[in-house]
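Q: Assemble the whole structure, with the sequences as input and the hints as a guide.
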Amino acid sequence: MFQELIQQIMNGLVLGSTYALIGLGLTIIYGILGIVNWAHGELYMLGAFAGLFFVVNLHLPFVVGLVASMAVMAVFGVLLERLVFRPLRSAHEMNMIIGTLGISIFLMNAAIVLFSPNPMRFPTEFSSQYLSFFGISITTQRLLVFCVTILLIGLFHYVIKYTSIGKAMRACEQNPDAARLMGININQVAMVTCAIGSALAAAAGTLVGPVFLVSPPMGLMVIAKVFAVVILGGMGNVAGAIWAAFILGLAESLTAGFVSSYYKDVVTFVILISVLVFKPQGLFGKSQIEKV
Amino acid sequence: MDSMGKIVWVKRAGVALVIIFALFLPNMVRSYYLHIAVLSLLNALLALGLNCIAGYAGQLSLAQAAFFGIGSYTVALCMLNLSMSFWLAAPLGILLAVVVAVGFGLPTLRLKGPYFVISTLGFGEIVRLLFLNWESVTRGANGLPGIPAPDAINIGFAVLTFDTKVGCYYLILTVMLLLLVIYRNMTDSRIGRALKAIHSDQVAAEVMGINLTFYKVFAFAWAAGISGLAGALYAGYVRFISPDTFTIGEAINILIMTVLGGMGTITGPILGAVAITYLLETMRVFAEYRMIIYGLLMFLMIVYMPGGLAGAFSLLGKVLRRRLFAGKGDGSAGDTTREEA
Amino acid sequence: MLLECEQVIMKFGGLTAVDQVDLQISKGEIVGLIGPNGSGKTTLFNVISGVYRPTAGRITFDDQEIAGRKPDAIARCGIARTFQNIRLFTEMTVWDNVLIGRHSRFRQSVLDDIFHTRRKVEEEKAAKERITEMLTLFKMIGCKDELAKNLPYGLQRKLEIVRAMASEPGLLLLDEPAAGMNARETAELMDFIIHLRDSGTTIFLVEHDMKLVMNVCDRIAVLNYGKKIAEGQPAQIQNNDEVIKAYLGKQVKKGA
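Residue numbers (our numbering), protein chains in the order written: chain V, 1 to 292; chain X, 1001 to 1341; chain Z, 2001 to 2256.
One or more of the hints may lead you astray.
To be verified - Straight line, CA to CA, 30 Å or less: simulated DSS-like cross-link-like pairs of lysine-lysine: (1) Lys-2027(Z) with Lys-2211(Z); (2) Lys-2211(Z) with Lys-1112(X); (3) Lys-2144(Z) with Lys-1006(X); (4) Lys-1112(X) with Lys-264(V); (5) Lys-167(V) with Lys-1112(X); (6) Lys-1112(X) with Lys-2149(Z); (7) Lys-1112(X) with Lys-161(V); (8) Lys-1318(X) with Lys-2070(Z); (9) Lys-1112(X) with Lys-2011(Z); (10) Lys-1318(X) with Lys-2144(Z); (11) Lys-2027(Z) with Lys-1318(X); (12) Lys-1011(X) with Lys-2211(Z); (13) Lys-2011(Z) with Lys-1011(X); (14) Lys-1006(X) with Lys-2128(Z); (15) Lys-279(V) with Lys-2139(Z); (16) Lys-279(V) with Lys-1112(X); (17) Lys-2125(Z) with Lys-1318(X).
As the list claims (entries may be wrong) - If the Cβ cut is set under 7 Å, some of the chain X residues that face chain V in the computed set are: (18) Leu-1060; (19) Leu-1106; (20) Pro-1107; (21) Ile-1126; (22) Asp-1163; (23) Met-1298.
Hints are computed from structural coordinates only; laboratory data are not their basis.
For every residue, glycine included, the Cβ atom is placed at its ideal position computed from N, Cα and C.
A: Quick look at the structure:
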């Protein structure tokens, strides 16, 4: 029983890591660019396919493949910003969701046509290694997911807090008009934000691809939950997103293990709706008085 | 008659032509195409529902498929288990959809846009999982087969039966036409204006005396009611329902129809539903290719042509109008921006 | 007494934007509210019109308690307003903007609308007549079918006022109506405001343009850091040391 608990907690941490990496990108794109990016799940999916390509087709070591996939998707993210987000910047919030949802559908079906409609396996040098203790075993790959996530979050924190581009990003998030007046290049900040967001999502895809399977609908399957995570943490709130990611990841695993695997998908939404009814700005979101 | 008057008559003639065409459709096409026509009408209802909450009030909802399901399952269960007549079960289904919508909408419609969307998505999933897992009532994934057709109606000089495709077609067409009248009354009135104001600027709308909660919940309930109606008719027509009809994917399909057809108008959703249903049914093989195009179109349209297909036709109409009636010098080049019926 | 604010306080977290403000406005007055930027003028407007719920205090309008009520309820009581940054319904025509302004004066119910009853038809007809009257009176009937976003700036500001007037309010709150206007437009605005008052609307306005305020207002109240520091007739306010200090930050010799 105790072992089962630890097992589920570890699963929860892996799940939480996935949500954290994807959610982090989603929340900064909203916080800094004001864009609700429904296509973010596809960045995760494309990252998984990129990782698959580099590691399985090109036989590169996993870590190299991870970095390569992050780099490729960072470029893709910049493209996305230029072609999709910039025209949407001044749109009505609902239109933003519809527009990016359209791109999401486009990318997913393009992936089906270009890659494969069937799920693909993504074996790495870590997939068959196990770590065992106290009767619990975990694959090295899963451990890697969690560890790399913590590393990336730390790296992200460093960039945001100590680099000049990070400061520019924070300025844009607080007050884009003031930032522009201070000489900050909004477009450059936008590009960097999208590059970082995409790279993080791609990292999640490459890390988690080997754990489950890689398939075009995988983005679609997580995006709703990632939105739930980001909203629970308060959209635009980085720390909130990370906390919420792990809370919901653990809730989902524990429900799957101890209640029923049918309802694991639903528990996320039940928690979310319950919280929103009482705290409309999310668990950690600040209640913003709209300037009138 | 001035040129504006002429326009109104052209539009009315157009609408009359479409209705006549619709009335004679069963005589003109094979059974397969009649089936597509029925599905188009049902999808048009769903699109009109979504249009009300999203196109008018400006709140995207992905819960329409769930209300579609509530309508269907209520009718199916009432007819199968309680031996209720369709004519009683259907209003019950609609009522249930509306009640659930009000219950869900009251606390959630005050949330910010994206928060509300995800809540509706969650709601949709919860409802679908309910249909799937409450096996004692819904028979889960096996679905509910053998739903009886709506009872025949005796109107004196004839008996209308609904156990045939043709019968159902006329039933659904009639319901649609009646609904369009009420729908039009709603959008072309103080309610419609209030919703558009809310869409445009909530704060300003509220300060003008518009009760945000009331109108938003109204629009949401209206959308749910129409979707429930579609669900009831669907159950009576197809006579077999299962949970995998009422998915988020279906909700997104409805969104695609509404967006491509043109949100915020009455003709838009109908156009979109008819076009997409026809393509969906006749080009099943190319599903992914179609979706690639729809996805891209949805993005391009929302950015560059938010009026959708209907908006494009409207623009075309204005250009034609200018060409045809320009020489009259009646100064009516100042176009109104009110939508066509 | 049309409007009375008693010890109104508005706090946002640690910041007190409106600090124990007392204010009274009688029917038929034009009262001005001035003060340096950030002194709480627009916040006070937001509290009166219901956009913000006051932290403390009472606000009475026409013998009704309105503090903390929702904006739409307050609008129905008879208070209308314009915004500092114009908030028109940009994609709608002038006509539609004004028609929506009249929302609270319609007397039909939702059912009347859906079933297109006689009552609805009558109300809509009456509204149409009234709006036509208003637009003609305010010389905007010519552009009634123009989209709000296509109007020149001065006309947009005017439209916002006309839209607010469509509900025939007892009290009209104008938030910086002259912002961005040139001298000619401001002069027209001054006449317009006086005309509105003479037709029976009490006006409470926030403004930075001193020429307009001094010439149009019967009384002026001055806010600084959320507190009311002076109140009186234009001549008194002009010579008030506290007021001068608030704007310039130091003592200024009279006549200097």
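Q: State for each hint whether it applies.
A: We went through each hint and held it up to the structure:
no.: 1; hint: Lys-2027(Z) with Lys-2211(Z); result: 23 Å, holds
no.: 2; hint: Lys-2211(Z) with Lys-1112(X); result: 42 Å, violated
no.: 3; hint: Lys-2144(Z) with Lys-1006(X); result: 22 Å, holds
no.: 4; hint: Lys-1112(X) with Lys-264(V); result: 26 Å, holds
no.: 5; hint: Lys-167(V) with Lys-1112(X); result: 28 Å, holds
no.: 6; hint: Lys-1112(X) with Lys-2149(Z); result: 25 Å, holds
no.: 7; hint: Lys-1112(X) with Lys-161(V); result: 29 Å, holds
no.: 8; hint: Lys-1318(X) with Lys-2070(Z); result: 42 Å, violated
no.: 9; hint: Lys-1112(X) with Lys-2011(Z); result: 23 Å, holds
no.: 10; hint: Lys-1318(X) with Lys-2144(Z); result: 19 Å, holds
no.: 11; hint: Lys-2027(Z) with Lys-1318(X); result: 49 Å, violated
no.: 12; hint: Lys-1011(X) with Lys-2211(Z); result: 54 Å, violated
no.: 13; hint: Lys-2011(Z) with Lys-1011(X); result: 56 Å, violated
no.: 14; hint: Lys-1006(X) with Lys-2128(Z); result: 23 Å, holds
no.: 15; hint: Lys-279(V) with Lys-2139(Z); result: 48 Å, violated
no.: 16; hint: Lys-279(V) with Lys-1112(X); result: 12 Å, holds
no.: 17; hint: Lys-2125(Z) with Lys-1318(X); result: 27 Å, holds
no.: 18; hint: Leu-1060; result: 5 Å, holds
no.: 19; hint: Leu-1106; result: 10 Å, violated
no.: 20; hint: Pro-1107; result: 5 Å, holds
no.: 21; hint: Ile-1126; result: 5 Å, holds
no.: 22; hint: Asp-1163; result: 37 Å, violated
no.: 23; hint: Met-1298; result: 3 Å, holds
Of the numbered hints listed earlier, those contradicted by the structure are 2, 8, 11, 12, 13, 15, 19, 22.
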